[in-house]
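Residue numbers (the working numbering), protein chains in the order written: chain A, 1 to 318; chain B, 1 to 358.
Don't read these hints as lab results, they were simulated from the structure. As the structure is a prediction and not an experimental result, all values here were calculated from the model. Worth double-checking, as some hints may not be accurate.
[Stated by the list, open to error] Residues from chain A shown here face chain B by an in silico Cβ test under 10 Å; the list is partial:
no. : residue
1   : F47
2   : V100
3   : S108
4   : I111
5   : G133
6   : V137
7   : L246
8   : P250
9   : A298
10  : Q307
From the three backbone atoms N, C-alpha and C, an ideal C-beta is built for every residue, glycine too.
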Amino acid sequence: MDILYKIFLDPFVQMVTAPDLLVQTLWEGMVGGVLYALIALGFVLIFKASGVFNFAQGIMVVFAALTLVGLYNAGISAFLALGLTVAVMFALAFAVERVVLRPLINQSDIILFMATFGLTYFLIGFGQFVFGGDPKVMITEQLYLPKGTVTYKALGGIISLQKLDIAAAIIASAMVAGLAVFFSKTRIGRALRAVADSHEAALSVGISLEQIWVIVWFAAGLVALVTGIMWGARSDVSFALDVIALKALPVLILGGLTSIPGAIVGGLIIGVGEKLWEFYWGPLIGGGTDSWFAFVLALVFLLFRPQGLFGERIIERV
Amino acid sequence: MLYREAGQFKTSYATDQAIFPILQDRIGIIIILVIAFVGIPLIGNDFLTNAVMTPFLIFSLAAIGLNLLTGYTGLLSLGTGAFMGVGAYACYKLTTIFPNVNIIIWVIASGFFSAAVGVAFGLPSLRIKGFYLAIATLAAQFFLEWCFIRIPWLYNYNVSAAIEVPQRELFGIIVTGPRASAETRYLIVLTIVVIMTWMASNIVHGRIGRMWMAVRDMDIAAELMGIRLLPTKLLAFAVSSFYCGVAGALLVFLWYGGAESTVFSINESFTVLFMIIIGGLGSLLGSFLGAALIYILPIILRFVPPQLGLPLHAATVEHLTFMITGALIVFFLIAEPAGLGRLWQIGKQKLRVWPFPY
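From just these sequences and the hints, can you work out the full model?
Below you can see the structure in the form of structure tokens.
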């Protein structure tokens, strides 16, 4: 009975008796979730447009952040470095399309997936070769990102919010809104959706697949840059981020591989769920559970809805 | 010229269905086995046996395991590292609880524990496919890795949270632990790998293998033909995890001599996946070729610059290794997406009809 009490009742009692802790945990989960969602967004962009499951998205985040910091440390002013990094991400998108995607056109999914593995390895080696492997500090002040905390006295306790996290949430929302407008209102956005629906049909109405792929990889690169800045500001810029980026995968599952709102909602669910679980239930089984909670949640979820929350219905025919 | 099948007539179904139907192939495989069993131990170079051949064979075994699942049954898995870990930890627990039982028996038995865990995590595969399944197997990877750290019973409450291989003897010869000689360990690994490869070859050429391949090519069509999906897929998970588990036990007991949970991290899963994709999905030979390329290539890369007299920093070499490995993966995928195993077949075909192009 004691163990049942601890699992099913005690956490909720804690939630009600200490609402400030609950709100704090929820907020931290939200912020973590936004960052997961941003990485997942990069995955979804590329998967929608080219059907490539881009494993390299995580390392692109690291690479973008490293380039930014590396350029700044080389003595270039912060905003010029930002511009140059955008240019580097474009060059990367162009090179990926030319060297990796174009020769592998019409190959099966797993081959393309594998090619992005190759890209990941290459970027890890290249990034370390050029910028060194040691962690670096993100240039938050130079980019005018706010610092410090806001504290509220509410709910019978103190809730402290990092200003940076608030900024991250705002920037992420703005970016998602921007992408949504871009996808639905612009000419290129419509072309992107056409390519996502069917490569052949898009080709037949005169859409250039090569061009679209460069644009999509560039967009994913920009998302990676924003994610890299935000994540780098919370902790150092290092290659350890690559492993954390794997957390974006269960987010994708929850949201569905092809849905942009799904990536956001999935990110928030995973972020919040993970923090709540770790805070209230984790200590019962020894802690450190946030390494697998997201994946197990996704696994259980998949059993009931294999296409994710917002994914396209899977129809199978022989 | 030497590689001709002219004059070799197949007069029975058995010879027609032989795995090596051509005499030259049979001679070739015998030569390779003789070199592996006699030649390499005779050279007696500890570096060759211990640092190159033993791990290469162990990774080949793991690659065969994953290939049975991903290449033959079409179920993408990223949990290989964890399944190898289950084998290693199971073997460790078994041999510490029953120290007098032959260690080889425990190495093989640990495969069954891994198979059981594999079946449990393979259950969702009936509903989930493709990349979704790959991510689902990540749940196995991270959950099991967490277990290896957080359940102290698994490593006998060691302070270091690591497993250390105790010394075990087989017919009076020390086979595990720090005092075992490199040749002994190499020969044991080689024997197990050869036997298990032979078994895998028989499985994939038989009824079970055909069922797996039917499921891979289109599972709904396979179901309509009367193949029961759940038992078939679960069997694939079980056999695959069995191979991975034995590979994991061998890895720790006959190569590392001790391990922490980090050995069986997600990177291990990725490495084995690289091997089978570079080597060729659905090809046993490809598993060996892929393991050779992915495992031995970095070793060569590490030794080439000093030989050429290039004064490169160790860290720089490490970074370059990453870059070159990545570039080579992309290069091989573009050159032959079906893998090295397929390249080998094309080469053989060319040789057979030489000097004519067709």
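What are the numbers of the hints that this structure violates, sorted from low to high?
-> 6
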